[in-house]
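Protein chains in written order, with the numbering used here: chain A, 16 to 283; chain B, 16 to 283; chain C, 16 to 283.
Treat each hint with caution, since some may be false.
Footprint (simulated), chain C over chain A, 3 or more residues, beta carbon under 8 Å [said to hold, decoys possible]:
no., stretch
1, 44 to 58
2, 85 to 97
3, 145 to 157
Honestly, the hints are just simulated from the structure, not real lab data.
Quick caveat, the model's predicted, so the values are computed rather than measured.
Every residue gets a Cβ at the ideal spot worked out from N, C-alpha and C, and that includes glycine.
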Amino acid sequence: MATKPGARAIITLLSDFGTGDAYVASMKGVILSFNPQAVLIDLTHDLPPQDLRSGAFILAAAAPYFPPATIHLAVVDPGVGSTRRGLAARGQGQYWVGPDNGLFHLVFSQGADLEIVSLENPSFFLPRVSATFHGRDVFAPVAAHLSLGVKLARFGPAVTAAVSLGFPEPSFGPAAIHGEIIYVDRFGNLVSNVRAGDLRSWAQGQGLHFQLGPIQFRGLSRTYTDVAPGEFLALEGSHGYLEIACALQSAAARAPGQLGQPLTISKG
Amino acid sequence: MATKPGARAIITLLSDFGTGDAYVASMKGVILSFNPQAVLIDLTHDLPPQDLRSGAFILAAAAPYFPPATIHLAVVDPGVGSTRRGLAARGQGQYWVGPDNGLFHLVFSQGADLEIVSLENPSFFLPRVSATFHGRDVFAPVAAHLSLGVKLARFGPAVTAAVSLGFPEPSFGPAAIHGEIIYVDRFGNLVSNVRAGDLRSWAQGQGLHFQLGPIQFRGLSRTYTDVAPGEFLALEGSHGYLEIACALQSAAARAPGQLGQPLTISKG
Amino acid sequence: MATKPGARAIITLLSDFGTGDAYVASMKGVILSFNPQAVLIDLTHDLPPQDLRSGAFILAAAAPYFPPATIHLAVVDPGVGSTRRGLAARGQGQYWVGPDNGLFHLVFSQGADLEIVSLENPSFFLPRVSATFHGRDVFAPVAAHLSLGVKLARFGPAVTAAVSLGFPEPSFGPAAIHGEIIYVDRFGNLVSNVRAGDLRSWAQGQGLHFQLGPIQFRGLSRTYTDVAPGEFLALEGSHGYLEIACALQSAAARAPGQLGQPLTISKG
Numbered sequence: 016m017a018t019k020p021g022a023r024a025i026i027t028l029l030s031d032f033g034t035g036d037a038y039v040a041s042m043k044g045v046i047l048s049f050n051p052q053a054v055l056i057d058l059t060h061d062l063p064p065q066d067l068r069s070g071a072f073i074l075a076a077a078a079p080y081f082p083p084a085t086i087h088l089a090v091v092d093p094g095v096g097s098t099r100r101g102l103a104a105r106g107q108g109q110y111w112v113g114p115d116n117g118l119f120h121l122v123f124s125q126g127a128d129l130e131i132v133s134l135e136n137p138s139f140f141l142p143r144v145s146a147t148f149h150g151r152d153v154f155a156p157v158a159a160h161l162s163l164g165v166k167l168a169r170f171g172p173a174v175t176a177a178v179s180l181g182f183p184e185p186s187f188g189p190a191a192i193h194g195e196i197i198y199v200d201r202f203g204n205l206v207s208n209v210r211a212g213d214l215r216s217w218a219q220g221q222g223l224h225f226q227l228g229p230i231q232f233r234g235l236s237r238t239y240t241d242v243a244p245g246e247f248l249a250l251e252g253s254h255g256y257l258e259i260a261c262a263l264q265s266a267a268a269r270a271p272g273q274l275g276q277p278l279t280i281s282k283g
Numbered sequence: 016m017a018t019k020p021g022a023r024a025i026i027t028l029l030s031d032f033g034t035g036d037a038y039v040a041s042m043k044g045v046i047l048s049f050n051p052q053a054v055l056i057d058l059t060h061d062l063p064p065q066d067l068r069s070g071a072f073i074l075a076a077a078a079p080y081f082p083p084a085t086i087h088l089a090v091v092d093p094g095v096g097s098t099r100r101g102l103a104a105r106g107q108g109q110y111w112v113g114p115d116n117g118l119f120h121l122v123f124s125q126g127a128d129l130e131i132v133s134l135e136n137p138s139f140f141l142p143r144v145s146a147t148f149h150g151r152d153v154f155a156p157v158a159a160h161l162s163l164g165v166k167l168a169r170f171g172p173a174v175t176a177a178v179s180l181g182f183p184e185p186s187f188g189p190a191a192i193h194g195e196i197i198y199v200d201r202f203g204n205l206v207s208n209v210r211a212g213d214l215r216s217w218a219q220g221q222g223l224h225f226q227l228g229p230i231q232f233r234g235l236s237r238t239y240t241d242v243a244p245g246e247f248l249a250l251e252g253s254h255g256y257l258e259i260a261c262a263l264q265s266a267a268a269r270a271p272g273q274l275g276q277p278l279t280i281s282k283g
Numbered sequence: 016m017a018t019k020p021g022a023r024a025i026i027t028l029l030s031d032f033g034t035g036d037a038y039v040a041s042m043k044g045v046i047l048s049f050n051p052q053a054v055l056i057d058l059t060h061d062l063p064p065q066d067l068r069s070g071a072f073i074l075a076a077a078a079p080y081f082p083p084a085t086i087h088l089a090v091v092d093p094g095v096g097s098t099r100r101g102l103a104a105r106g107q108g109q110y111w112v113g114p115d116n117g118l119f120h121l122v123f124s125q126g127a128d129l130e131i132v133s134l135e136n137p138s139f140f141l142p143r144v145s146a147t148f149h150g151r152d153v154f155a156p157v158a159a160h161l162s163l164g165v166k167l168a169r170f171g172p173a174v175t176a177a178v179s180l181g182f183p184e185p186s187f188g189p190a191a192i193h194g195e196i197i198y199v200d201r202f203g204n205l206v207s208n209v210r211a212g213d214l215r216s217w218a219q220g221q222g223l224h225f226q227l228g229p230i231q232f233r234g235l236s237r238t239y240t241d242v243a244p245g246e247f248l249a250l251e252g253s254h255g256y257l258e259i260a261c262a263l264q265s266a267a268a269r270a271p272g273q274l275g276q277p278l279t280i281s282k283g
């Protein structure tokens, strides 16, 4: 399997642009104008406008399933036209292009071997860069040039660290874990910031008690149908985080407003 | 035209995952990791959650327009993690991969020449299979391996019949057909379970009277603009089923709650 | 870069079909049945049903970013099955296929070098053409044949002009420009029909005053963050039209019902 971008490179796209306007298509047109062989795959464009956290979560959840050397072009960009930096990076064996505003926080915080450059070489941008749409004018052409084999260093000077996002981290105490809900998916499953692997290490096989606001229950489930319909349950989500769900129903509909709510896990 | 899958095979994807989460993208990443040449086409991911009937209808409506040997990967999977079987199949000259829960009912019930296997060979799954996302961990890698030419028999033992869906069938009497509405499209057109060809054979050119709840009218139209704006009409939908529509308006908005409602067609 | 369609041609798709039904997928299946090498890119399918103006706007905004010889297949088709003509055309160095109902108005009105034919040769259609879905039965196969190198003239006789759309044009007076809002994007930005280049020529560097219903303010901004959060602003949108926005908020939510509302720009 290729470990460097090539003409038939895979470029994923993530944004908060929705799919109803011309924005996403314009970015794809730009990429194909530079590299007609590129394979374009949408991660999502339905992020809530300017929601960097959800974007960071989806990047971290989907990217590991793509081949090495995949290029991820991600644009959630409330600061477009301001002085916020644009970046291209190599990390986790893949490539990353977008604004330096924390969107890549979860990806970059997991890896040691990380190379980041600041996008400062306009010869890889569109000839005329608008003040409002760098996704099309800066990031798409940079991703396309990356896919053609242009080296990272040619896009601009190295930078030592990208902007962090202030993503909430759970606290692990001897008696309890204090986490919070960081993402709600289409089925109304409530994804927490507690990694399932960390939970397993902490629990050492003991029984678990979960409390999310007024909702309380015991026991870790394996599937969404381990409990009776309508009952709440906790399980290891497919993305690797602990998830609170409701059997055959939407937990988010049953317990609304949970994004950011504290989740407490205790032993016994 | 190829009649067997090959490296540049077409793989369609259908699900109820929506396009806002990482689920669909993760499946695409898995497929491209095994077969970077695969051509990925979305049927839809906007099915109402766990709506097997709508999924079955869309598969049956869209698949015939794809080339022979296309692989259709379909995941509406309320029973994921339970004992429900996964299947791969060859039928109608194409390939089918997904849970064995009725999703392929309309496709499989139309064809005589059908070969189905139960997915039991983990060497074609991801190394670690989660309890909650077989779309990514089982069905996507199986579809990818099919596209690389792996024979059906290698995925598991043959099974004689897939699960049926209890799809409603219309009854044809000498004086009337009793059918029902099985699908509502984006334009609010109400699709019935009466196949247009069967209706023509039954009607023998006689005039027709339609009754759907309080809505009554006479005559079969050819296009959506055959009657005055706002009037109801019946016509042969592009999918081959009789459809109740409203000229330049949404029939579903004018007559809500019609999914599952009885439709009576009589002569005269 | 190729200037003629070829086997690995890019075909974009635009429609008001949504992505929840089988319509879009059926068109893609038809194209790939004729040309399995075609590269399919969605412009959008989320147009409000039968909204020709929004379709025309998105075509005009996105198409220039695609490579020469790209084929744009666009289907917003309230008159399907009536006597409205179907067309294929070459203009702006690209190809255009769809109903002749004004959908290509903005594209065709910009270019001098335009060749249009009426789709009358059924040997390039599907064998059975339905009365309700020419996107699948007529336009998709025509686009596919174009991508395989079939010459325009073979699809039917030349026509001298396509149907116009009655797109509103702004009036430029010595003291004021009278325009209107023609499009609202996902972020609630209000796009006017005043081209930014025309505004610059008219303003000659003088200060500007904007009035949109009760909203009034002075000054042209460069980015969405040039004013305080919640304040209205005007800037050159990335599509080249003057746009009314609201810093870090949705202008459409703050000032609803603006589509079609008059916008007055005066000097001073």
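Coverage of the stretch 85 to 97 of chain A by chain C, judged on three or more residues with CB within 8 Å = With 5 residues in contact (Cβ-Cβ under 8 Å with chain C), the coverage given for the stretch 85 to 97 of chain A holds.
Given coverage of the stretch 145 to 157 of chain A by chain C, tested with a Cβ cutoff of 8 Å and a minimum of 3 residues = It holds: at least three residues are needed, and the stretch 145 to 157 of chain A offers 6 whose Cβ sits within less than 8 Å of chain C.
query = Within the assertion that chain C covers the stretch 44 to 58 of chain A, do at least three residues meet a Cβ-to-Cβ distance smaller than 8 Å?
reply = Satisfied; 6 residues make the cut.
This entry satisfies every hint, going by the numbered hints stated previously.
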